[in-house]
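K.L.:
Numbering follows this note's numbering, in which position 83 of the sequence shown is assigned residue number 83; successive positions increment by one, without gaps.
Source of the hints: derived by calculation from the structure; they are not laboratory data. All residues carry an ideal CB built from backbone N, CA and C; glycine is no exception. Do not rely on the hints blindly, as some may be mistaken.
As the list claims (entries may be wrong) - Within a straight-line C-alpha distance of at most 27 Å, the following computed DSSO-like cross-link-like pairs (lysine-lysine) qualify:
1. Lys465 - Lys382
2. Lys65 - Lys28
3. Lys382 - Lys367
4. Lys28 - Lys113
5. Lys420 - Lys382
6. Lys195 - Lys179
7. Lys141 - Lys84
8. Lys796 - Lys956
Said to hold, decoys possible - Here are the computed distance ranges between Cβ atoms for each label pair:
9. Gln886 - Ala150: 55 to 63 Å
10. Glu337 - Lys474: 16 to 24 Å
11. Glu115 - Ser206: 24 to 32 Å
12. Lys113 - Pro207: 38 to 46 Å
13. Ser973 - Thr949: 13 to 21 Å
14. Arg756 - Gln368: 40 to 48 Å
15. Glu750 - Ser461: 42 to 50 Å
16. Ile39 - Thr188: 48 to 56 Å
17. Lys319 - Arg387: 30 to 38 Å
18. Ser429 - Met892: 44 to 52 Å
19. Ile476 - Gln678: 35 to 43 Å
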Amino acid sequence: MKVVNLKQAILQAWRERWSDYQWAINMKRFFPRGATWDILNLAEALLEQAMIGPSPNPLILSYLKYAISSQMVSYSTVLTAISKFDDFSRDLCVQSLLEIMDMFCDRLSCHGKAEECISLCRALMSALNWLLRCAAFYTEKVKETLEQAAAESQLKMCLERLEKMLSSTKNRALIHIAKLEETSSWSTVEQSLLKLGENLNSLSNSPLRSQADNCVSLIKSIPTMLSVHSEQLNKTGFPTVHAVVLLEGTMNLTGDTQPLVEQLMMVKRMQHIPSPLFVLEIWKACFVGLIESPEGTEELKWTAFTFLKIPQVLVKLKKYPQGEKQDFTEDVNCAFEFLLKLTPLLDKADQRCNCDCMSLLLQECGKQGLLSEANMTNLTDKRTEDRKHAPRLKSAENANIQPNPGLILRAEPTVTNILKTMDADHSKSPEGLLGVLGHMLSGKSLDLLLAAAAATGKLKSFARKFIKLNEFTKHIANGESSKGASVRALLFDISFLMLCHVAQTYGSEMILSESSPAGEVPFFETWMLTCMPEEGKILNPDHPCFRPDSTKVESLVALLNNSSEMKLVQMKWHEACLSISAAILEILNAWENSVLTFESIQKITDNIKGKVCSMAVCAVAWLVAHVRMLGLDEREKSLQMIRQLATPLYGENTLQFYNERVVIMSSILEHMCADVLQQTATQIKFPSTGMDTIPYWNLLPPKKPIKEVLTSMFTKVLEKGWVDSHSIHIFDTLLHMGGVYWFCNNLVKELLKETRKEHTLRAVELLYAIFCLDMQQLTLTLLGHILPNLLTDSSKWHTLMDPPGKALAKLSVWCALSSYSSHNKGQASARQKKRHREDIEDYISLFPLDDTQPSKLMRLLSSNEEDANVLSSPNRSMSSSLSASQLHTVSMRDPLNRVLANLFLLISSILGAKTAGPHTQFVQWFMEECVDCLEQGSRGSILQFMPFTMVSELVKVSTMSSPKIVLAITDLSLPLGRRVAAKAIAAL
């Protein structure tokens, strides 16, 4: 027969009363191969014919059922056809349509092309909308008393189908994809939901009502399918949060709060920490830091961190979305309630600070709007009651300890006032300014002010003001009076000493201007960069910066040698400071060759340190560089000269504030000489200044290999269960000394030795915190070198067994997520920017940019594969490794992006390989952890580097074969991502 019209064929079958299989045989005879039934729209044609009368035509319906069972028609065309029927008053027709849906709605699948899977998603959404309209129609009918019972039974049938359809996660996932594919259709679903909701209010039948409510809430949950995470409720201690806070407080007081806030939020998300316990852990770390900080500057830094910086951090945390029904102020209150139960911790902190730390903190939090008045009063009263039973220090001891927290809180507004004072025109009243500065130098005021400025982010502007002041002293009035000259000398000296002190205490990056406008670089910046000794900076004593104009040097030598004391009038101090190094060399040579006696040397050094301390600082800076270059037997005179310069002069004729300046000078010199004195095994007694000796210096035990130090330190930390600030400093020193690869590799080896589950989890929490010392570089090493080596070397696969392998997967994902998120916001802390980069291999050679040459990693892979050519062939890379990151055009010149992209290529090839082993299991844990840590809708996370082809491989792994996981790992903002996800889910 010629191709007949579809409708005619159906009518002929009905007239001749063909049985269903007979109909199918004849249909296939009528219609030649090639045209599919879906293109001819068979399902719709059959339904149209079946639904003509008030009740459906049973024969034609039997044809449709046969077509569905024998897969002549796809589920999507049947669902689309059903959703076009809208005469709900024909109860029997609706009932038969619902029965047809029963045939397949709970086991929908599609193994065709991605396009067909997407049309299944759309059809399912249309069917959902149709069921909602149907339910709304019957709820409307229930109101009419005449047909109430019939309408109720129809509604019950309809709701049952809705529940059945929505109870399958797979169906909800497919609808989730359709919602993103066609937002307009989803809004019609929302309108139908509203309509149904309005009608539900009048339903008196409670079982029906609860069934309907259940359906409504299931539909409402579809858009947020991925964001439901369970929080860890069985744990109370979170060592990672503790360590991150300790690390910041000990090493990064001056850092911006935003990166710290981001990092803490990252940890909270990855470890699913409940808010109150999260805030509690932050406070616990602050109190521990306060208690164990070394006396002096460090203690002040911690106090400023706890009382000024952390409340600011919490203010920023408050702005983050806290999830449903959560109020951050309530969480803070709850955290304080828990903290009150830790009485010994609070008592020890109170004893250390000699005040009620808790009530001061509560006041600060109250001021920042983190606590309500009522809660604040309640908490303060509870702590006051508790303190009645606290152990007290004897009153005599007590009297000597000034409570730092109170001082720091008072210092903070003072910083603002001083900044204003410093903005005034210095030339108008230099004496007034000198008075302010002199006041700043007394006692521990300077350190208090600097700590307060550092914690509130004002230290940089503080330093800039002092650089300006230091520059101002270059301008000398004609006919300068001796009083004016001494004020100018003092302003130069005090600003110079303060800047040195800031650079040594808080890092030289506090002094450097971002980019000064094309003009001359301020004197202090030049001097600090070229002449000031710092840890890890080796200076060349013969560098041109130490060799200024010879005439200036000669006149300075003459001045120092001949006059009874230093002249002040018309003195260019910055020139004197630059010439002093060459002058000292001349004087040393003269002394070595017995041209000058020891008495003359004493007179000269007295002149250098007698009026302004900065000249002594500049002289010692050069001597330190000089001593390093000398042989053992040549050092004596240079070291003696350092001793002379470091001993203060107690004469009548010194300038104002001499004792205060000497205190700062001694501390600066002690820092400068520390390395050299240790290397030359010399001791110089610096006047005891009431300041602390250098904290956290010279930490490593002598004569012990650094690898042993690292492993024993890690074992100790693991036993304790948390990292203290002392061990943070040791880890930092080891990282500097051994380099990033050595540090990372040895710690990973330690992790892989652990065999107990709870130990490995704790080890991961602590390792992540230790890696925060330099997260970016350590992550590159871990993901770019260490993991690929473990995954491609079959002799190492046994080390990846559970539990250590699972723990390493967790650590890798945490590091990858943190680095990627902070990297995208450009947030490396100043501490990390300072690091040397010499031991990171060139990532371009490891992972070349153009895909024509196989990368080193690909060659590694191919050596393990039977079919080497497939892996390393250039055309493989694009076809099988297309990922969302390429569609979002993420720059591959960036080392972190390259490393992630290559790691996912490696993972993809392991999943597709013919052999499985512990490394396959590792990859699975890695992916599970990725899914576990992701937040809903985090497009542009590390999973965007995963090749799309990997999705179908992953679904084959039993633990990964869930619709939610497919939704989580594909980028649904891209049409291709939605197709890949639809295809994978429809095939489950």
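K.L.:
All hints are to be evaluated individually against the structure, with a verdict given for each.
P.N.:
For each hint, the structure was consulted:
Between Lys465 and Lys382, the direct Cα distance comes to roughly 45 Å. Violation of the 27 Å bound is thereby established for this hinted pair. Annotation: proposed proximity of Lys65 to Lys28 holds, straight-line Cα distance about 16 Å (limit 27 Å). This hinted pair checks out: Lys382 and Lys367 have alpha carbons roughly 19 Å apart, not beyond 27 Å. Our distance criterion of 27 Å between C-alpha atoms is met by Lys28 and Lys113, whose separation comes to about 24 Å.
A hinted pair counts as satisfied when its Cα atoms are at most 27 Å apart, and Lys420 with Lys382 does not qualify at roughly 41 Å. In summary, the hint linking Lys195 to Lys179 is supported, as the alpha carbons are separated by about 19 Å, within the 27 Å threshold. A hinted pair counts as satisfied when its Cα atoms are at most 27 Å apart, and Lys141 with Lys84 qualifies at roughly 21 Å. Restraint check for Lys796 and Lys956: satisfied, since their Cα atoms lie roughly 25 Å apart, inside the 27 Å limit.
A hinted range of 55 to 63 Å holds for the C-beta pair Gln886 and Ala150, which are about 58 Å apart. Range check, Glu337 to Lys474: Cβ separation about 58 Å, and the 16 to 24 Å hint is violated. Take Glu115 and Ser206: their Cβ atoms lie about 45 Å apart, and the range 24 to 32 Å is violated. Between Lys113 and Pro207, the C-beta spacing of about 43 Å keeps the proposed range 38 to 46 Å intact.
A C-beta distance of roughly 19 Å is found between Ser973 and Thr949, which places it inside the suggested range of 13 to 21 Å. Distance hint check for Arg756 and Gln368: the Cβ-Cβ separation is about 42 Å, which falls inside the suggested range of 40 to 48 Å. Roughly 44 Å separates the CB atoms of Glu750 and Ser461, a value that falls within the hinted 42 to 50 Å. Restraint check, Ile39 to Thr188: a C-beta distance of roughly 26 Å breaks the suggested window 48 to 56 Å.
Taking the beta carbon of each, Lys319 and Arg387 are about 34 Å apart, inside 30 to 38 Å as hinted. At about 60 Å, the CB distance of Ser429 to Met892 disagrees with the hint of 44 to 52 Å. Separated by about 41 Å at the C-beta atoms, Ile476 and Gln678 satisfy the suggested range of 35 to 43 Å.
Hint compliance for this structure: hints 1, 5, 10, 11, 16 and 18 are not met, and every other hint is.
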